[in-house]
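Model the placement of chain D on the given structure of chain G, informed by the hints.
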Amino acid sequence: MIDLLARYAIPFILLFVPLYALYRKVDIYAAFKDGSREALLLCAQILPYVVAIFVAIGVFRASGALDLCAGLLRPILGAAGLPVEVLPLAIVRPLSGNGALAIMTDLVRQWGPDSFIGRLATTMQGSTDTTFYVMSLYFGSVGILKTRHAVAVGLVSDVVGFVASALAVKIAFGY
Amino acid sequence: MMNLIWMALLEIGVLVAVAGGRADTVTETAMTAAEQAVETVLGLLGIMVLWLSLSRMAEDAGLVRALARLVRPLLSRLFPGVPRDHPALGSIALNVSANLLGLGSAATPFGLRAMQQLQELNPRKDTASDAMITFLVLNTSGITLLPTVVVGIRAQYGSANPAEIMGTTLAATLCATAAGLLLDYALRRGGSDGASAPPGALRGRSRGRLPRRAGAPEAGRR
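Those protein sequence lines, which keep their order, are chains G and D. Going by our numbering, the residue at position 52 of the first sequence is 52; the numbering climbs one at a time, nothing skipped. Going by our numbering, the residue at position 4 of the second sequence is 1004; the numbering climbs one at a time, nothing skipped.
Same shape as in the complex, but just chain G:
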């Protein structure tokens, strides 16, 4: 059922959204133009992050430092069902949306999108949002200084999201 949904989701969107927009008399090409401008800006915005992260993680991995860390952290992460390779992603995900996207892209490139790591990294990326960024933006916008238990709840929810990602990928794809 979910597999069927996933297979037809994008064709359905490509069919339905423009048709519905036409029906509602939206200027479709104007929407395309606006979307393209937004896409260009977004790509320009993430480029520095992607270069910085690709280089830093590339060096970290090639030097053998990742293997050293992996040896130390494997037992802890293993208990949560997470492979060591996704550790940088888990650390950066709550801090920086662009940074996490860059790390996820690097993992997909390294391991392939249909590998365990590739599926897990893409699930983790979509399973939570950038907790610290969202909190500072939203609380900051109305001048809230005392955030009570908000940060703790946000971080626990992130960890639950990562562990659930590993579980879901293992169950759904039979690892």
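Simulated from the structure, these hints should not be mistaken for laboratory data. Any given hint could be a false lead.
Distance windows between CB atoms, simulated [to be verified]: (1) D:Ala1160 with G:Pro75: 31 to 39 Å; (2) D:Gln1116 with G:Tyr29: 33 to 41 Å; (3) G:Lys33 with D:Ala1034: 25 to 33 Å; (4) G:Ala80 with D:Asn1003: 26 to 34 Å; (5) G:Leu145 with D:Ala1034: 37 to 45 Å; (6) G:Ile91 with D:Ala1066: 32 to 40 Å; (7) D:Arg1077 with G:Tyr133: 23 to 31 Å; (8) D:Ala1008 with G:Phe16: 40 to 48 Å; (9) G:Ser115 with D:Leu1045: 20 to 28 Å; (10) G:Leu4 with D:Arg1022: 43 to 51 Å.
Covered, in the sense of this in silico footprint (three residues per stretch, anywhere, with C-beta under 8 Å from a C-beta of chain D), are these stretches of chain G [what the hints assert, rightly or not]: (11) 15 to 28; (12) 109 to 117.
Keep in mind it's a predicted model, so treat the numbers as computed, not measured. Note that beta-carbon positions come from the ideal geometry of N, C-alpha and C, so glycine has one too.
Coordinates of chain D only, in the frame set by chain G:
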């Protein structure tokens, strides 16, 4: 924080490589990685243009609004401190709907407006209200039906079925949200400090029906 993480990755990497006699791999890796990063972003551009354009169409055609009407009744149970006819609930519904559809850039303006409207209901202006925290839990756990950018990147790297992670993403995000809502509910009761005084009473809008404090987590899915 990101500065520190990036520095640590790079510097530790270089030091370990030099110590292990692999200094030349650093040079090579750094150069090729930088090149591949640019290729990746350029490759992503086409997919981004397509998605963001479709997002624009969906938003202009009122799809976000249509979904917001559907989720609003469910949301009102999560925010017992907000009167049912208060505009804050409308903004929250629009924000959650845009997030559900994977339209992050459309969600943020709605979210900021929701925070302003919640702040009007907030008796202590420097302290987060219960409703604000619940709203942020919904946002930071990032409930989404269609992770558009992620699907785009999977497609770019030749996945046989780029959207196959939709189901696992939804399952994981629901777990994260449920955990967040439950913990929020537990901590709110323990540490409640007057910031949760029913604001409807102050404005005389609840028409005799006291905001129900119970029932907050029941809509948080079992």
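Exercise for the section: If any of the earlier hints don't hold here, list their numbers in rising order. Expected result: none
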